[in-house]
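S.K.: Residue numbers (the numbering used here), protein chains in the order written: chain C, 16 to 153; chain P, 16 to 153; chain R, 16 to 153; chain W, 16 to 153.
Please note: incorrect hints may appear among the correct ones.
Treat identical chains as interchangeable: a pair holds within one or across any two.
Unchecked claim - In silico DSSO-like pairs for lysine-lysine, Cα to Cα no more than 30 Å straight-line:
1) 150 x 136
2) 18 x 150
3) 136 x 151
4) 18 x 136
5) 151 x 18
For the record, the hints were derived by calculation from the structure and aren't laboratory data.
Protein chains: 4
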Amino acid sequence: MGKLVRFSISIEEGLLSSFDELVQERGYQNRSEAIRDAIRRQLVYREWEAGEEVAGVITILYDHHRPGVAETLTGLQHHALAHVIVSMHIHLDQSNCLECIAVRGEARTIEALADRLMSLKGVKHGELTATSTGKKLT
Amino acid sequence: MGKLVRFSISIEEGLLSSFDELVQERGYQNRSEAIRDAIRRQLVYREWEAGEEVAGVITILYDHHRPGVAETLTGLQHHALAHVIVSMHIHLDQSNCLECIAVRGEARTIEALADRLMSLKGVKHGELTATSTGKKLT
Amino acid sequence: MGKLVRFSISIEEGLLSSFDELVQERGYQNRSEAIRDAIRRQLVYREWEAGEEVAGVITILYDHHRPGVAETLTGLQHHALAHVIVSMHIHLDQSNCLECIAVRGEARTIEALADRLMSLKGVKHGELTATSTGKKLT
Amino acid sequence: MGKLVRFSISIEEGLLSSFDELVQERGYQNRSEAIRDAIRRQLVYREWEAGEEVAGVITILYDHHRPGVAETLTGLQHHALAHVIVSMHIHLDQSNCLECIAVRGEARTIEALADRLMSLKGVKHGELTATSTGKKLT
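Based on the provided sequences and hints, a complete structural model is requested.
M.R.: Pasting the structure below:
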């Protein structure tokens, strides 16, 4: 956590009061926290756009009764070992599994890995969640 | 434009310098302008979520050689006259037309109208752009 | 409009019946139309990703009482004449204006132009709607 | 996995060949798999829109040196025990932690829980990944 600095911004009275409602609704402690969050969100977006080193989570929903899909998922993750940090497997019901795969690496490489996993036969739904290594967000 | 007020926020030094880069990249005049923009963007999102009166633009790409599509598009717009403000038709080439339809009304009604127009046979691509009447954004 | 071909796809019975509900809800005439729409949507996304020649609409909400904003908006559009096809100005109320600017050009150039217009002081909200010239969507 | 049925769709020749390129790029085994994926993606979206029972992943990036944040995160998860299935904690570096929280429940409840966790002081970035319990996706 870096050194804290202060700066002031000017804003229309009506816009500020609408913002204050939003801050309260979302459960933020104060305006500063809400604004820092909005800033960090834009910086995460920029890291992905610029193709920097990022972190992410690949979420995969699949039916483990489909022959081969679990093995292929595991095989692909081992193949991409340099980028896969760890994965967690959740048994949703008798058939449906949710797998969360935490990854890190260059944005384009992570996107390609996610595309590969999500397009596997037997995978019902997949999403890549873009986040950051956090290094530049302090 | 309402009365201007000032307030100050505290932020980590490193985060502020990354934000300053972003402000410059996007061509903002200063930090206040960039933060006001982020705030208004969240308020527009909330107006749509809450189903309030909103403004929007329905963008439709279609081939005017397809029989019936232009007539149906016009017919549907007249039918939804209470919500359609005006539309603009652009000839992209010999076949392709771009139509921008400015609309206003309750969010759910506007979404239903957009779905209706975008699913028409002959329409190649459609998007609903969510914006605001601006009343609460001052 | 190109020559029509047919191909068949295999799908789980339950998935097909959920899809049929969706097709009806969205007002599609039949499954083919809904699937073609989904395909075209992905192709439009790919044109933007690949930085190809695209079409788009920049939607700008602003208060025309703010000194200078209308002139700057017009000035910037003339400056980007090669990319701006036409624009439409809507008077939402005494203060609020909605401007829809139809643009065409390389995806990265269009994005930069949109960023420039949306970050102008006095602009309350802006969105870039990504669509296509339609050439590859037949 | 349900019983397989077949149906055929008609499509313009040019559109089909662009789609075939896309299928290959994304690594799909065949067109059917790519189309089923597009259909399931829309059905997941509809489950969230309709507020049905869904599954999701809340991804939280935070600095564990910030006093209280780890405890608060754990406390809130225990408080929402009915919705939190399991969570996984990844040490990205000396300070940065990534936490993936698998959740299930009604869409609006899950969204509220995610908002609560993401707005905590000390949380740098958070995302809610929307997926499905998979029950209707077979």
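S.K.: All hints, please: hold or fail.
M.R.: Each hint, compared with the structure:
no.: 1; hint: 150 x 136; in the structure: between (36 Å within a copy, 18 Å between copies)
no.: 2; hint: 18 x 150; in the structure: within (15 Å within a copy, 39 Å between copies)
no.: 3; hint: 136 x 151; in the structure: between (37 Å within a copy, 17 Å between copies)
no.: 4; hint: 18 x 136; in the structure: between (50 Å within a copy, 16 Å between copies)
no.: 5; hint: 151 x 18; in the structure: within (14 Å within a copy, 36 Å between copies)
Hint violations for this structure: none, all hints satisfied.
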